[in-house]
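Novice: We have chain R already, so just place chain X on it with the hints.
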Amino acid sequence: MDDSQARKFQKDLNSGLVALVLLGVLERSSEDLYGYEIAKRLQRANEGEALFKEGTIYPVLRTLAAQGLLTSRVVPSYSGPPRRYYRITEDGRAMLREWSGIWRQTRGFVDRFIEGTDA
Amino acid sequence: MNAPRSIDDYLRQLRAALAGEDPALIQDALYDAEEYLRAEVAAHPDKSEADVLELIASTYGAPDEVAAAYRDTEAKVKAALKTPGPVSATAHPSAWKRFFGVFLDFRAYSSLFYMLLTLATGIVYFTVVVTGLSLSFGFAILIIGIPFFLAFIGITRVIALGEGRLLEAVSGERMPRRPMHPGPSAGWLARIGEMLKDARTWTTLLYMVLMLPLGIVYFTAAITALAVGLAFTALPFVVLTRWFGWDGDASVFSDDAHIGGWVLSDHSMISALILGVLGVLIITLLMHAARAIGRGHAHLAKALLVVPGG
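These protein sequence lines map, in sequence, to chains R and X.
The opening position of the first sequence corresponds to residue 0 in numbering that gives the first Met the number 0, with each subsequent residue numbered one higher.
The opening position of the second sequence corresponds to residue 0 in numbering that gives the first Met the number 0, with each subsequent residue numbered one higher.
Treat each hint with caution, since some may be false.
Using C-beta positions, here's what the derived DEER-type ranges look like [unchecked claim]:
(1) X:I122 <-> R:R6: 51 to 59 Å
(2) X:P212 <-> R:L12: 53 to 61 Å
(3) R:R86 <-> X:I143: 34 to 42 Å
(4) X:L115 <-> R:K7: 50 to 58 Å
It should be emphasised that the hints constitute simulated quantities derived from the structure, not laboratory data.
Note that the structure is a prediction, hence the values are computed from the model and not measured.
In this text, a Cβ means the ideal position worked out from N, Cα and C, and glycines have one as well.
In isolation and in its complexed conformation, chain R is listed as follows (with noise of 0.2 Å):
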């Protein structure tokens, strides 16, 4: 039961944050990425128990890059599907400034109460 409360806790919080994560993983990114590379990269990034399952990228990845926070293009593959890569747009870039600062702000304002620095 415990475990239940605690992933649907984690799945409420990463509702938005994985959008924020991801626009941040292509901002870092001299290259384009695919769909796998961002999901490993995010893997090696949190060694340990995976904060989100790395299939709910996929969805959230189109998204983006339906609103043209993201460019993207399918280049043919030997392994599999032809993948399609992603990459930060202009518009991206300033999304992902604005939401860094919501989450900064966020973050600081709910780690007052949580840590008990100034409570």
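Specialist: Frame of chain R; chain X shown alone:
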């Protein structure tokens, strides 16, 4: 549900978990999953497919988890991307507003554009299919027959995807955003066998052949209605210019200007006005017809290009 033991197994379970969703969404989800799973298997050459699949539930996610992610995201995207429909301030706009409101509907214009475009695309699709099929038969006895047939079917799939994207833009009907996945990798002959067995291969060809007669009908209807409608609408203005003598001596119109079979004289203002109203009516009806055709055609395209394999 048992844990999937192979990629095909996983894809089957994912499809089952998405049952009832939009076929285009299912195609996208299967496509993404296959990209990931094949890359994952390729990245672990020392492990068997079954071993890799065992770990999938904790990395990529189990089929029902992934299905839920697509369902949630799709609901959000739909809400965000929805083009506002025809402007209607009231819940029940008057018949008058409903009739002329079509001019404010972006889809009516895009559908009209699509109708004009179909003559060109219809000719291209028809030519591709007829050429491809006849050359495939001809080459079948030669060694190049196999790659030629594969390339031909590949081209029809790319065209099907492009046509789907175009129609989604025109009509708002959800179409696949990824090409159809080529299925499990196998030998060339096995792959050709799969293609021949796949109903979608044949319905795609049927759609492309159908596009020629449909394109001719759409194009002719659109052009005729546009030409007649615009000419009639312009009539009162033409008569007006003649009243005021704006058309001068060396004017565009000789003494008896003929427009749409109508002979102009100085006494014809009332008739011209009646025809003008008729012209506006024709254009408005054309816009309604275009919107309806755009919607209907998108359903046809979905039935032939997306659903059979879905």
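Novice: For every hint, state whether the structure bears it out.
Specialist: Okay, the hints, checked on the actual structure:
1. With their beta carbons about 56 Å apart, I122 (chain X) and R6 (chain R) fall inside the hinted range of 51 to 59 Å.
2. Taken as a hint, the range 53 to 61 Å holds for the pair P212 (chain X) and L12 (chain R), whose Cβ atoms sit roughly 55 Å apart.
3. Separated by about 37 Å at the C-beta atoms, R86 (chain R) and I143 (chain X) satisfy the suggested range of 34 to 42 Å.
4. Remark: the range hint 50 to 58 Å for L115 (chain X) to K7 (chain R) is upheld by a beta-carbon distance near 52 Å.
When held up to the earlier numbered hints, the structure conflicts with none and fits them all.
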